[in-house]
Amino acid sequence: MGLEYVRISPGFEKYMPKDYVDLVQYGQFGKEIDVQQLGQFKELVEEHPMCAGCFMAYFIRVFYAALPKPEDTIVIGTAGCARLSLSQAAVPFIYGNYGDTNAVASGLKRALSIRFPDKEKDVVVIAGDGGLIDIGFGMTMHSWFRREKFTTIMVDNEVYGNTGGQESGMSPKGVQLKMAPKGKQFDKINAVELAKTAGCVYVAKLSPTNPKRIAKTVRRAILAARHFGPTFIHAYTSCNIEYSIPTEKVLEDARKREKQDFGFYEWMTEEVKEFFEEIERKPEEVKA
Amino acid sequence: MPEQRVVDADYLLLEAPRERKFITGAQAMAEAVKRANVDVAIAYPITPQSEVMHLVGDIWAQGYIKDYYRAEEEYGAMSAIAGAVRGGARAFSATSGPGLLRGLEAIASWPGHRIPAVLGVLTRVVNAPLSIQPDNVEISYLLNCGMVVLHAENQQDVFDFTLASFIISEMVDVYIPIAVCTEGFFVTHAKGYVNMTPEDMKLPPRDPYKAPVPPTDCEIPPARIQRDAPVQKSNFMSYLIHAVWQQEIWASNIRAMKYIYKYLGGPIEVINPDAEVFVVASGCAAAQGREAVRYAQLEGLNVGLVKVKSIRPFPEKEIRQVLSKAKAIIVPEHNIVGWLAKEVKAAIPNSDSVIGGPRVYGGMTLPVELIMEKIYQALGIKKEKKVVV
Ligand SMILES: Cc1ncc(C[n+]2csc(CCOP(=O)(O)OP(=O)(O)O)c2C)c(N)n1
Ligand code: SF4
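One line per chain: the protein sequences are A and B, in this order. Residue 1042 is where the first sequence starts when you use my numbering, and the numbers rise one by one after that. Residue 56 is where the second sequence starts when you use my numbering, and the numbers rise one by one after that.
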């Protein structure tokens, strides 16, 4: 159904909130949007209570603009900063318990496949480093081992932002954080290699310095998950509060990290590569 | 696999012909699932539950269920159940003791997420020292979640409660999960006679749009409030939304009672309503209570039984009424904390008349003699203790 459920029933236009009418008229539903046009269309997420200048919030904004089919997408999040804006978007959002995202997504995706065998319904998890790689580690890995067909995006701010700055498994070694008063004692976990080993068919790592590239990566991850199996994006999304990065330095920091350890990386199976070669050659077919 | 045809739920539950089979409790649960038109079953092994989900797996392999898998652990299993039910599927899982506790954060959030799922709870010791024996202390952890909690005495109850639970949980004015509990081994691995509905009939499928909270499937606008993280807006909104929502969960729980009357013959069963002394018991302890009442009758003592089938909603009114003239109330239990005794005490005005016990735990059996001792005590009968050498 997709577009049907966002459409306003005839006669009700004048009673619906302006925001909603704008969303249907000037938003992304049923259209292909170029992220370069951000600011020129009604976005799926606008107001949110994330910290001013938070780079995770920016990444999420680009993520929504990149959705190949927002009217048929369900986003799953968990405790952590990201859900503050995910829950405000005009895309169905599920928020369960901390770290449960990939198990919930497994059940959801399977139910949708049973009920709508002929329709494409995209399921995307967006969660923090703590949610996916610490508390939810087992569920994250096993959803990949089981080859569940949904996308997992880790918004990695290298800290537990939402609970006030504790160490996470993704914090770099040596960094002094709450609950790591002597500095973190072990290395940042290599999530990308884990994802490849665990069976993801498309894996990417990026620092959000280039919106077009973020959008392309998000889109590829979702399309590959739709057809082939689990996909994973590891995005560096700095926390200006806990790492004391002034807002105006956020992009500079992202560029620095891109040079150091977050250089753009993309890996996919042969099958997925062939698929993209095919669909990206003829842009009109991408409009699935 | 026989071709199954969908029949009306009331017909299947209340009128359909029944065939008597001699089967285990685990089989009874799986046979109910077979007739329940289940979409997704998610399993994780733990003794004594495993037998149930093995059988459910076989049913899936035969084509009765559309999807089935072994999850990574109970937290993952119960979270995936939440996902599947939100996606509009009818879902089933089962667990025991430590597995229940491991999945509890997810399970306890099902009612608030309005997840009408059915969960088999085949009780087993929790806490150290480890044991796989039946002990139902785990049910006490379920009592404050908001879900409906039924406690089956025997294999027949397991079949009836499980099959009816799929329908009750999906009633629009209920729409919360149901735990069907019974004692591990004593019921799951022992055989009893079960009158079962025909194998070629099944319940109508779940209609996820007949719901107070619609599914999240991009076919219908989602219910925003509980899908959102409402607590972000302001403290006031947070208090209000949580409070109102939880009140509604507990009201839904109470509204399940009329369906417990309709499909399970009521939340309690009473033997000898004019008795002086009552045994009040649930699950396996009710079977032993039933025996004690029989012994007492043979001895000419005026003893009755109240079997409690529904622990949540708790039949306060019904119990208060039956026990209004009771001189003494004996509550035998398979756990150390005496959760049922506490419930009974809280429900009646004369809580002093409740004798909490006998209690056995760690998986011990509950000999009828232990209940008889309490009956003699309540009636002021002195018996010489025979020492058998
Ligand atoms: C079971 C459970 N344990 C702990 C918490 C507390 N908690 C909420 S958010 C969070 C950390 C979030 O960190 P991360 O997942 O990295 O996301 P971020 O906030 O950094 O984006 C924790 C520990 C919880 N909500 N539930
Ligand atoms: S705490 Fe950090 S990650 Fe969270 S919203 Fe604020 S800046 Fe962003």
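Derived by calculation from the structure, the hints in this document are not laboratory data. Watch out, some of these pointers could steer you wrong.
[As the list claims (entries may be wrong)] Here are the simulated DSS-like cross-link-like pairs (lysine-lysine), alpha carbons at most 27 angstroms apart as the crow flies:
(1) B/437 <-> B/313
(2) A/1214 <-> A/1257
(3) B/265 <-> A/1160
(4) B/121 <-> A/1160
(5) B/313 <-> B/246
(6) A/1253 <-> A/1214
Quick caveat: nothing in here was measured; it's all calculated off a predicted structure.
Those earlier numbered hints the structure runs against, lowest number first: Of the numbered hints given earlier, those the structure breaks are 1, 2, 5, 6, listed in rising order.
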